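Protein chains in written order, with our numbering: chain A, 32 to 235; chain B, 32 to 235.
Simulated from the structure, these hints should not be mistaken for lab results. Accuracy of the hints is not assured; some may be wrong.
Put simply, identical chains are the same to the list, so a pair is met inside one copy or across any two.
Only pairs whose alpha carbons sit at most 20 Å apart, straight line, appear in this in silico SDA-like list of lysine to any residue [stated by the list, open to error]:
(1) 97 with 187
(2) 97 with 161
(3) 97 with 212
(4) 97 with 211
(5) 78 with 43
(6) 97 with 83
(7) 78 with 182
(8) 113 with 48
(9) 78 with 90
(10) 97 with 169
(11) 78 with 213
(12) 41 with 110
(13) 78 with 101
(14) 113 with 83
(15) 78 with 229
Remember, predicted model here, so these are calculated numbers, not experimental data.
Number of protein chains: 2
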Amino acid sequence: MARAQPATMKGRDTRERIIRATAELVTQRGVAGTSLDDVRARARVSKSQLYHYFVDRDDLMRAVAKAASDEVVGGQTELFAKLDTIQGLRAWADTLVTLQHARRSRGGCPIGSLAGQLAEHNENARGELVDGLDRWEAAIRDGLDRMAARGELRGDADCAALAQRVLAAVQGGLLLTQIRRDPDQLRSALNGVIEAILAAPAMP
Amino acid sequence: MARAQPATMKGRDTRERIIRATAELVTQRGVAGTSLDDVRARARVSKSQLYHYFVDRDDLMRAVAKAASDEVVGGQTELFAKLDTIQGLRAWADTLVTLQHARRSRGGCPIGSLAGQLAEHNENARGELVDGLDRWEAAIRDGLDRMAARGELRGDADCAALAQRVLAAVQGGLLLTQIRRDPDQLRSALNGVIEAILAAPAMP
Numbered sequence: 032m033a034r035a036q037p038a039t040m041k042g043r044d045t046r047e048r049i050i051r052a053t054a055e056l057v058t059q060r061g062v063a064g065t066s067l068d069d070v071r072a073r074a075r076v077s078k079s080q081l082y083h084y085f086v087d088r089d090d091l092m093r094a095v096a097k098a099a100s101d102e103v104v105g106g107q108t109e110l111f112a113k114l115d116t117i118q119g120l121r122a123w124a125d126t127l128v129t130l131q132h133a134r135r136s137r138g139g140c141p142i143g144s145l146a147g148q149l150a151e152h153n154e155n156a157r158g159e160l161v162d163g164l165d166r167w168e169a170a171i172r173d174g175l176d177r178m179a180a181r182g183e184l185r186g187d188a189d190c191a192a193l194a195q196r197v198l199a200a201v202q203g204g205l206l207l208t209q210i211r212r213d214p215d216q217l218r219s220a221l222n223g224v225i226e227a228i229l230a231a232p233a234m235p
Numbered sequence: 032m033a034r035a036q037p038a039t040m041k042g043r044d045t046r047e048r049i050i051r052a053t054a055e056l057v058t059q060r061g062v063a064g065t066s067l068d069d070v071r072a073r074a075r076v077s078k079s080q081l082y083h084y085f086v087d088r089d090d091l092m093r094a095v096a097k098a099a100s101d102e103v104v105g106g107q108t109e110l111f112a113k114l115d116t117i118q119g120l121r122a123w124a125d126t127l128v129t130l131q132h133a134r135r136s137r138g139g140c141p142i143g144s145l146a147g148q149l150a151e152h153n154e155n156a157r158g159e160l161v162d163g164l165d166r167w168e169a170a171i172r173d174g175l176d177r178m179a180a181r182g183e184l185r186g187d188a189d190c191a192a193l194a195q196r197v198l199a200a201v202q203g204g205l206l207l208t209q210i211r212r213d214p215d216q217l218r219s220a221l222n223g224v225i226e227a228i229l230a231a232p233a234m235p
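Work out the full structure, taking the sequences as your base and the hints as a guide.
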């Protein structure tokens, strides 16, 4: 259960500030290492404010998971629109890899990084991660469907399966990038799935 | 820096008991939520015993990361030996997917799950995760190299790149399986890379 969104802009700002402070603490200390007292101090809010916006700690972590999903998926909106060509797919892959260079391969995927800490302990937070993955995969699939509709994929291409494999390659590639501190891990994984998509390009 | 392995069997048993207790606590509460006091209580050891075997908390978490790597890679030894045929690859993939069914899609990869909590905070622990991934990938590559040597892969097949992509598919597939509670996520990701390997099978 979650509380309704605040009606005022000030309320929404406060709520956002609490979520941002929590997300920063989680990045630094992990979910288990982030107490509500830490959050209150960092976001400069009282206990009653905190409980005004969030039912409990689990609800706050659910909001952090939702924010991570929104950030990851929202940040790709423009790129998603061009996923209906191989050039657009490559540009999207290039952007993800370049971002990992800029981050010095740190942090992994905001969605994926929360999974290990939240998926087994907070069912509502897991639901937000599922929602983020679903929106991400739907955007990829939409691009592939449009390619297929224009005859740029073979008629029997399974766009749903291809989109799922692209997302798995993104997640696996990001995890290997983070552990090995090497953005080429993501690059190679994405090249692999783009090759798989290319392997079914021409109409017979 | 880590301490030398204990010379006596009793010492090794105690050290193992501490690592196992810590790993269980980390699974339940996360790295940040696991204190040395918790570990002492669960493993029934004194503070001086703890510091006899581990330099500090980071060193203990490094040992947990090494244990996860050893467990994951060691658990696949028999399967690795047969990775030099497509049937062997499929059997290995089936085993990983079956395991996720048995675990009700919970927990993810022991190596991957620790990455988000340790990679940015504990460089020695990250090193153990790298070592686990490297051994895992080397075993996959060794199988593919043997297939290539028998002429079952095309001469220009890049076994190193294929092995890396298989590992990325495993990690991404396991992460999606955990978040979505659906072992078919791993199945589909692995099918994708096995198809990629099959796409380069026959000698010209």
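*Any of the earlier hints contradicted here, and which numbers?*
Numbers 1, 7, 8, 11, 12, 13, 14, 15 - these are the hints that the structure violates, sorted from lowest upward.
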